[in-house]
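There are 4 protein chains.
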Amino acid sequence: MADALLDAVRTGVRVYDLSRPYAIGMPQSPNHPVYWHSLPRRHGDKVREDGGSAANDIIVLGTHVGTHIDALAHVSHEGQLHGGVDAGDAQVGGRFPVHGIDQVAPGVFGGILLDVPVALGLDTCDPGYEITPADLDAALERSGAIPQPGDILLVRSGWGARWDEGAAYIGTDSGVPGVGEAGARWLAAHRPRAVGADTIAFEHLAPGKGHAVLPAHRVLLVEEGINIIETMNLEEIAAASLTEFTLALAPLPLVGATGSPLRPLALTSA
Amino acid sequence: MADALLDAVRTGVRVYDLSRPYAIGMPQSPNHPVYWHSLPRRHGDKVREDGGSAANDIIVLGTHVGTHIDALAHVSHEGQLHGGVDAGDAQVGGRFPVHGIDQVAPGVFGGILLDVPVALGLDTCDPGYEITPADLDAALERSGAIPQPGDILLVRSGWGARWDEGAAYIGTDSGVPGVGEAGARWLAAHRPRAVGADTIAFEHLAPGKGHAVLPAHRVLLVEEGINIIETMNLEEIAAASLTEFTLALAPLPLVGATGSPLRPLALTSA
Amino acid sequence: MADALLDAVRTGVRVYDLSRPYAIGMPQSPNHPVYWHSLPRRHGDKVREDGGSAANDIIVLGTHVGTHIDALAHVSHEGQLHGGVDAGDAQVGGRFPVHGIDQVAPGVFGGILLDVPVALGLDTCDPGYEITPADLDAALERSGAIPQPGDILLVRSGWGARWDEGAAYIGTDSGVPGVGEAGARWLAAHRPRAVGADTIAFEHLAPGKGHAVLPAHRVLLVEEGINIIETMNLEEIAAASLTEFTLALAPLPLVGATGSPLRPLALTSA
Amino acid sequence: MADALLDAVRTGVRVYDLSRPYAIGMPQSPNHPVYWHSLPRRHGDKVREDGGSAANDIIVLGTHVGTHIDALAHVSHEGQLHGGVDAGDAQVGGRFPVHGIDQVAPGVFGGILLDVPVALGLDTCDPGYEITPADLDAALERSGAIPQPGDILLVRSGWGARWDEGAAYIGTDSGVPGVGEAGARWLAAHRPRAVGADTIAFEHLAPGKGHAVLPAHRVLLVEEGINIIETMNLEEIAAASLTEFTLALAPLPLVGATGSPLRPLALTSA
Numbered sequence: 001m002a003d004a005l006l007d008a009v010r011t012g013v014r015v016y017d018l019s020r021p022y023a024i025g026m027p028q029s030p031n032h033p034v035y036w037h038s039l040p041r042r043h044g045d046k047v048r049e050d051g052g053s054a055a056n057d058i059i060v061l062g063t064h065v066g067t068h069i070d071a072l073a074h075v076s077h078e079g080q081l082h083g084g085v086d087a088g089d090a091q092v093g094g095r096f097p098v099h100g101i102d103q104v105a106p107g108v109f110g111g112i113l114l115d116v117p118v119a120l121g122l123d124t125c126d127p128g129y130e131i132t133p134a135d136l137d138a139a140l141e142r143s144g145a146i147p148q149p150g151d152i153l154l155v156r157s158g159w160g161a162r163w164d165e166g167a168a169y170i171g172t173d174s175g176v177p178g179v180g181e182a183g184a185r186w187l188a189a190h191r192p193r194a195v196g197a198d199t200i201a202f203e204h205l206a207p208g209k210g211h212a213v214l215p216a217h218r219v220l221l222v223e224e225g226i227n228i229i230e231t232m233n234l235e236e237i238a239a240a241s242l243t244e245f246t247l248a249l250a251p252l253p254l255v256g257a258t259g260s261p262l263r264p265l266a267l268t269s270a
Numbered sequence: 001m002a003d004a005l006l007d008a009v010r011t012g013v014r015v016y017d018l019s020r021p022y023a024i025g026m027p028q029s030p031n032h033p034v035y036w037h038s039l040p041r042r043h044g045d046k047v048r049e050d051g052g053s054a055a056n057d058i059i060v061l062g063t064h065v066g067t068h069i070d071a072l073a074h075v076s077h078e079g080q081l082h083g084g085v086d087a088g089d090a091q092v093g094g095r096f097p098v099h100g101i102d103q104v105a106p107g108v109f110g111g112i113l114l115d116v117p118v119a120l121g122l123d124t125c126d127p128g129y130e131i132t133p134a135d136l137d138a139a140l141e142r143s144g145a146i147p148q149p150g151d152i153l154l155v156r157s158g159w160g161a162r163w164d165e166g167a168a169y170i171g172t173d174s175g176v177p178g179v180g181e182a183g184a185r186w187l188a189a190h191r192p193r194a195v196g197a198d199t200i201a202f203e204h205l206a207p208g209k210g211h212a213v214l215p216a217h218r219v220l221l222v223e224e225g226i227n228i229i230e231t232m233n234l235e236e237i238a239a240a241s242l243t244e245f246t247l248a249l250a251p252l253p254l255v256g257a258t259g260s261p262l263r264p265l266a267l268t269s270a
Numbered sequence: 001m002a003d004a005l006l007d008a009v010r011t012g013v014r015v016y017d018l019s020r021p022y023a024i025g026m027p028q029s030p031n032h033p034v035y036w037h038s039l040p041r042r043h044g045d046k047v048r049e050d051g052g053s054a055a056n057d058i059i060v061l062g063t064h065v066g067t068h069i070d071a072l073a074h075v076s077h078e079g080q081l082h083g084g085v086d087a088g089d090a091q092v093g094g095r096f097p098v099h100g101i102d103q104v105a106p107g108v109f110g111g112i113l114l115d116v117p118v119a120l121g122l123d124t125c126d127p128g129y130e131i132t133p134a135d136l137d138a139a140l141e142r143s144g145a146i147p148q149p150g151d152i153l154l155v156r157s158g159w160g161a162r163w164d165e166g167a168a169y170i171g172t173d174s175g176v177p178g179v180g181e182a183g184a185r186w187l188a189a190h191r192p193r194a195v196g197a198d199t200i201a202f203e204h205l206a207p208g209k210g211h212a213v214l215p216a217h218r219v220l221l222v223e224e225g226i227n228i229i230e231t232m233n234l235e236e237i238a239a240a241s242l243t244e245f246t247l248a249l250a251p252l253p254l255v256g257a258t259g260s261p262l263r264p265l266a267l268t269s270a
Numbered sequence: 001m002a003d004a005l006l007d008a009v010r011t012g013v014r015v016y017d018l019s020r021p022y023a024i025g026m027p028q029s030p031n032h033p034v035y036w037h038s039l040p041r042r043h044g045d046k047v048r049e050d051g052g053s054a055a056n057d058i059i060v061l062g063t064h065v066g067t068h069i070d071a072l073a074h075v076s077h078e079g080q081l082h083g084g085v086d087a088g089d090a091q092v093g094g095r096f097p098v099h100g101i102d103q104v105a106p107g108v109f110g111g112i113l114l115d116v117p118v119a120l121g122l123d124t125c126d127p128g129y130e131i132t133p134a135d136l137d138a139a140l141e142r143s144g145a146i147p148q149p150g151d152i153l154l155v156r157s158g159w160g161a162r163w164d165e166g167a168a169y170i171g172t173d174s175g176v177p178g179v180g181e182a183g184a185r186w187l188a189a190h191r192p193r194a195v196g197a198d199t200i201a202f203e204h205l206a207p208g209k210g211h212a213v214l215p216a217h218r219v220l221l222v223e224e225g226i227n228i229i230e231t232m233n234l235e236e237i238a239a240a241s242l243t244e245f246t247l248a249l250a251p252l253p254l255v256g257a258t259g260s261p262l263r264p265l266a267l268t269s270a
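Chains as they are written, first to last, in the working numbering: chain R, 1 to 270; chain W, 1 to 270; chain D, 1 to 270; chain Y, 1 to 270.
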């Protein structure tokens, strides 16, 4: 029984990891529980009768640290979640029966990279630069891709190159490049199932303003029902000039949660 | 630029979720930190000037609870990890620079379901039943698939139907069906990159014995270098008589950890 | 400058530990986050240039596990905390600015042991037995103490002897002895600052009913504003026939929390 | 039956809280798991049949954050804990059966404040200033107290006034005042059961050096077997010119842990 997908997989696939490693001390927003990892049991702590021994882990984290995806339940506007759901009612019980991250369908989807600095002839967008619809037009044109409804659109600002700089990547003082409200509407007009970026907050942050207002989150999560992927590593696919690809998306099914850590993968036939 | 994989994806894919939802109180081994989830911030706790509000999560868990994958670093035998790596040396610093879960290559792979109870004409394997090489032969023959090196082989015992029964699923008193040392060697002979099962411990547990000895873990993780996926939901693909498929595998890149929560997906062309 | 308290301390004090040790796997209510402990760093993981090395811990727990004290914020009745405070308003922000555990004054206080089984001529109260006002009268008379307002009254049921039995101590099936509504009113009439008991839930639990209703919590925390200490070890002071003593009480100042782990001490001049 | 201690308590006690509140975002060392708090259940999430509702907490923390006490197991020197105990052996199993924090005897003890800046005629010691034996002599003389073996000696540097300044309190760049090796030996010569200070690391940190070497920890924990209390609030007792007092010390009995959060209290007859 032939299966076109499996045939393509068995013929050979190249995998690009779009995630950042989870490590103690990695840059993350101070709004969220800090990632920590420990080995409660190490080898030799308890040796079985046959000479076997196991080590294990405990991890603690927020679901909006490291590479992660926002559930629609993450953001409300004037008391309402997407679709007019009352946010107060939805969170009774301490988990969201609607719009939780476990409601996001996992799978493989079309993915498109909108490489803004390349389209603008830059190495990277300036800190605090708001990526405009015209920039996105230019990036899309350069990509040669035609977005389909249900695709995943990734906006590269170049800021990801600062991941290893720690606090600089968070960008509280400098600001962080990204789309604003207008860019979010441009993205939403293509009906993606999700959008992503190479920064912690996805959207443009003005210098020194932090997360005072997040209009792109409002547009995407609340108005349009589109999930947001943050803290992505888009450097490798940019270096490979990859613009259209298969994107594998499998959030953890954390019942009623507002987000999930994520290992998104870009895939191409080898 | 045509890409066979993306073409197959855009033509249509059916997704089967092979994971169990993460929820407080789910069945898990008492050896590992218990899954917990809370919303530190709920909508309305802090409303931004523009009417926006965000809810977030904290999660605490072991990496061997819920559907998860074992890193090679998880198990040692007589002080050695796979490849003769000294376990004591490898764990200095509290994370494994070799054989950690972040060393597992994510991607899409060939997947094969070995449905043992169906091959044996049973609804489910008995508690404590050790699945034999002959059973696996029968299941493979029935599947019609030919395993390729690097595939992922999933062994269904039928035990997953008890997931909703809580303590019964853990099976401390009853025992749990699964392969033993001989079955593990059968699996390893096909050179899979990973194997999986629908039980917490992957391998056969005799009634009342718990995890006193885990020979299949030794064979697979230590001797053969093959990762193990546990607590999978194989009921849906069994019901669909799916035997060969694409399997998407994307463990979280938890630096130096012994395992990771996992959302494995079985995929077919629609 | 003479200080009577310090003089008494320097003359000699005997200390009775009224707490249970915190260990992985200890009995605790399934309603609360499970206690876990791990050493993220062990000696030798990172050795300083001078030969020094440090080990450290991560702990995860609910504040109502192990020996602990309930803040008034822990329980509401028909939407109100003690003093008519609106519970919904008080918890906005995810911590209680009123009635949180950090609002409890720490210090040393008068403490009285009401040893019910001894007063009744029993080894221990039966599972599910509701301790009556008459029982408390008998225990108080036997103690010879005269409660002062602001004292701490400890009710021993004898159930604490089962601490080492694990699930039996939780008593879901058997029920657990303790005061009910009438006993709580008896205690409150003495105007204690806090009350305590040797069981997980402080109050009487009928067999198989669990925590369906908790009238003593309502009376003490909501109506009367009296903190509750649970899972105490009263066996040692009972064995010593100690009935009136100094009780040191120092909850952790967890800002806005509903409870705290606690190491209560009974103290006498040696 | 008269009890001098209880008589003193019933006559009236004044309580001085020597701890800092535990709150998300409080200053803490980056070496240790970050304090986090959340309410998994809030009032109204689950209302019992009688109108009752409970809120609860989850907390995550290192045991060396906030006001806390170091167990002897916290620090080793050239592979040995206090008394020549092999550190590697002692930590097998992931908890310390010897020198763990649960081995520290709780109780009420004599306490003495060594107020260094007051003795030196300063508001506060300079950042990075190493408090000398001569300074401690001056502070002790000024206190008028005579230390007894088993007392607790508290060294005030004045640095605690910066608690509310966040990162400044940690003092990575500026350095932090405190005793060095010589001061630690001075303290140890008085045979205290514990010593404390108003800084995160207890001892002097040179500017920009961080925790590269910690000689006072070595002297006290490893050589002398004396516990260390850190991040104390000594401002209130300094303002009250309190120099000798009763000190209540009740670490949590965390089995095998290297430290514990602590609510130390200074007590005087009113």
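Any given hint might turn out to be false.
One copy or any two copies: either way a pair holds, since identical chains are not told apart in the list.
[To be verified] Taking lysine to aspartate or glutamate and the EDC-like style, the derived pairs with C-alpha atoms no more than 20 Å apart in a straight line are: (1) K209 - E181; (2) K209 - E141; (3) K209 - E49; (4) K46 - E165; (5) K209 - D173; (6) K46 - D3; (7) K46 - D86; (8) K46 - D164; (9) K209 - E130; (10) K46 - D89; (11) K209 - D50; (12) K209 - D126; (13) K46 - E235.
Since the hints were derived computationally from the structure, they do not count as laboratory data.
Now the hints, each set against the structure:
no. : hint        : in the structure
1   : K209 - E181 : within (16 Å within a copy, 45 Å between copies)
2   : K209 - E141 : neither (32 Å within a copy, 52 Å between copies)
3   : K209 - E49  : between (59 Å within a copy, 12 Å between copies)
4   : K46 - E165  : neither (39 Å within a copy, 23 Å between copies)
5   : K209 - D173 : within (8 Å within a copy, 26 Å between copies)
6   : K46 - D3    : neither (47 Å within a copy, 48 Å between copies)
7   : K46 - D86   : between (50 Å within a copy, 16 Å between copies)
8   : K46 - D164  : neither (37 Å within a copy, 22 Å between copies)
9   : K209 - E130 : within (14 Å within a copy, 40 Å between copies)
10  : K46 - D89   : between (47 Å within a copy, 13 Å between copies)
11  : K209 - D50  : between (59 Å within a copy, 14 Å between copies)
12  : K209 - D126 : within (16 Å within a copy, 34 Å between copies)
13  : K46 - E235  : neither (43 Å within a copy, 32 Å between copies)
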